[in-house]
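K.L.:
Below, each chain spelled out in residue letters.
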Amino acid sequence: MSGTPSSGGAAGGRWTDEDLLELLLQGRLQDLEQARADRDAAPRLEQLAGFLARWREPLAQAPLLPPLVERRIARSVLARTTRQETGWRGDLALVARFVGDRLAASPVLRVAAAVLLLQVLALPVLAWIVWRAPQRDKVTQVRIAEEVVEPFLPAVPEAPLEELLVEPPREELRPARIAPEPGPLEVGRALSIAADSLRGSSWPQPGDDGVWQSSPALRLLVARSRAARSPGETGGPFPVDVLEPGAEAGGLERALRAELLLDLFALSGGEPLAGLGQALAALGSDARETPAVRHLEALAIERARACGLADRTAWSRLAACGAVPGARSADPLDGSWRAALRAALESVPQARAVLREQSLQAWLNAAGDPR
Amino acid sequence: MKGTWDDDRDPLAALRRGDPRLFEAFVEGEAGTFLRFFLRLGAGLHEAEDLVQEVFLKLFRSAPSYDPRSAFGAYALRVARNSWIDRRRRRGARPGALSLEDVDSPPDRPGASAIAHEMDPSLPVERQEALERVSHALASLSPAHAEVIELALVQGLPYAQIAELLDIPLGTVKSRVFHAVRRLRAALEGEGRPSPEDLS
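Those sequence lines, one after another, are chains A and B.
Going by the numbering used here, the first residue of the first sequence is number 183, and it counts up by one from there.
Going by the numbering used here, the first residue of the second sequence is number 43, and it counts up by one from there.
Everything labelled a hint here was simulated from the structure, so no lab data went into it.
Please read all numbers here as calculations on a predicted model, not as lab measurements.
Certain hints may be false.
Claimed, not checked - Some chain B residues well away from chain A (every beta-carbon gap over 12 Å; in silico): (1) Thr75; (2) Arg78; (3) Glu89; (4) Ala105; (5) His178; (6) Val223.
To be verified - Distance condition first, Cα-Cα at most 25 Å in a straight line; then the derived SDA-like pairs of lysine to any residue: (7) Lys100/B x Thr263/A; (8) Lys100/B x Trp310/A; (9) Lys100/B x Ala116/B; (10) Lys100/B x Arg262/A; (11) Lys100/B x Thr264/A; (12) Lys100/B x Glu539/A; (13) Lys100/B x Gln266/A; (14) Lys100/B x Val281/A.
What the hints assert, rightly or not - Far from chain A, by Cβ distances over 12 Å, these chain B residues were calculated: (15) Leu57; (16) Glu66; (17) Gly74; (18) Asp128; (19) Arg133; (20) Pro185; (21) Ile210.
Ideal Cβ placement from N, Cα and C applies to all residues, glycine included.
Isolated chain A (complex conformation):
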């Protein structure tokens, strides 16, 4: 800017730049005419006027505003003044406007809000994926479990039951699923442990201790132990004649033979077994037996019942024996059965001597701890 501002100004006969600028900005037309007539002031006045003409409008328009920002501000102001809603809608709009303004003002807040929204939306989906699908599988498992009533009875076939009864007794054998029957592994392990405790590993031969030879009950016990060595083979580790009922067999032998056949039945996984039906039908048929022997027979009936092999008549015999009906333990050589065996051997004079046999004691003790 040329010229030197002076305190005299127009009044002193000389126009300073400050005076000229004031004339232009304040629009004092009469003074402007005088300044234009002044030879010294006119060029400076033109320069200043040119500058203002060029830049005053850009000055008023600067800076450029983002689109719609003016309308947004006006709408916001009017909503809070002349067009304000006083009800809950107004309150809601106020909150929404505040949130919107804050979100528009802060990129960090926008990112945080987006992350929060994503979490809120993703949470139910994740919950559905994590919880919903496994629950559906669990329901399916429950339905399968409903069909498996006896987990320890490996697939007792319905049809072969009729084949099993090669010589069906008068009573009709019907499956009765009451208590679990030990599976082949449990029966085999219990019997095998008992077998290892026997004196020697071979079948008693002629010339062995007389007790072994003379007692059918001992032979049946040994056979029970040996049954675990080759399951499914009735003539394997012991002579097959052990399974045949003797003409003079008493209740003790009948009970032990039935237990042996049930062992084989369980070890074979429920295969049809000749003689089992007959052996079961013979249980409890002699009312002259001692109560201890009849109790042992009742335990065999109960086990057969747990296997689904008992019939209605045998059940009535069980009650007649004085035995308390109930599920027998899964262990075929459990404590109650061993106690019943001791009592039965004790009650039969011909078999009482067997109890003194050390191998039998070892067998009974070992059978009591199959683990």
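Put chain B on the given structure of chain A with help from the hints.
P.N.:
Chain B in isolation, oriented as in the chain A frame:
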């Protein structure tokens, strides 16, 4: 201001009479004016938006005690300036007590220049460049100079009104406007810089 809001078009006088239409027209017509006003003084965009809303709300709430005999335009600008001073005071600045340093040194004022890059694609490139240059030139001025440029050149207020508004003597207004224009001219039309006509 884009329009004249004094006398029979006074928005607050109309509000007192129960007619909101003039106030609504004022808000819709002058939101951009006040927004640019604060941006030119050095506010950020969002701060300027807050300030504009604050000014309108203050005006609306002052309607019951408003004296219709005063000039509404000057009154509105006073409210806007006071809002700006309050805001700066809250930020730790002291606009009411300007020192020589305040007058002479260009402060850190992002305002107009900070949003200069947000161009309107419908405007010619030359126009956009001119506006951008103005924004940068304004940003180079001190707060005191920017203020008098705003009031004298942009708003076109009489020197006496500026003196009253800024609470400074008339002579100081005259001198400050002159120096502010000189600095602005140097920033805009310094050596080698084209004028808007050269650009178009």
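K.L.:
Work down the list of hints and note, for each, if the structure agrees.
P.N.:
Status of each hint after checking the structure:
1. Thr75: Since the minimum Cβ distance to chain A is about 9 Å, Thr75/B lies within 12 Å and the statement is violated.
2. Arg78: For Arg78/B, whose nearest Cβ neighbour in chain A is about 7 Å away, the distance does not exceed 12 Å, so it is violated.
3. Glu89: 9 Å, violated
4. Ala105: 10 Å, violated
5. His178: 9 Å, violated
6. Val223: 6 Å, violated
7. Lys100/B x Thr263/A: 10 Å, holds
8. Lys100/B x Trp310/A: Judged against 25 Å, a Cα distance of about 53 Å means the pair is violated.
9. Lys100/B x Ala116/B: 15 Å, holds
10. Lys100/B x Arg262/A: Cα-Cα ~11 Å, so holds.
11. Lys100/B x Thr264/A: Given that 25 Å is the threshold and the Cα spacing comes to 13 Å, the pair holds.
12. Lys100/B x Glu539/A: 115 Å, violated
13. Lys100/B x Gln266/A: 15 Å, holds
14. Lys100/B x Val281/A: 22 Å, holds
15. Leu57: 8 Å, violated
16. Glu66: The claim breaks: Glu66/B does not keep its Cβ more than 12 Å from every Cβ of chain A (closest is about 6 Å).
17. Gly74: Since the minimum Cβ distance to chain A is about 4 Å, Gly74/B lies within 12 Å and the statement is violated.
18. Asp128: Consistent with the label, Asp128/B stays out of reach of chain A, its closest Cβ about 18 Å off (over 12 Å).
19. Arg133: The assertion about Arg133/B holds, with a minimum of 16 Å to chain A.
20. Pro185: 16 Å, holds
21. Ile210: 15 Å, holds
This entry does not satisfy hints 1, 2, 3, 4, 5, 6, 8, 12, 15, 16 and 17, going by the numbered hints stated previously.
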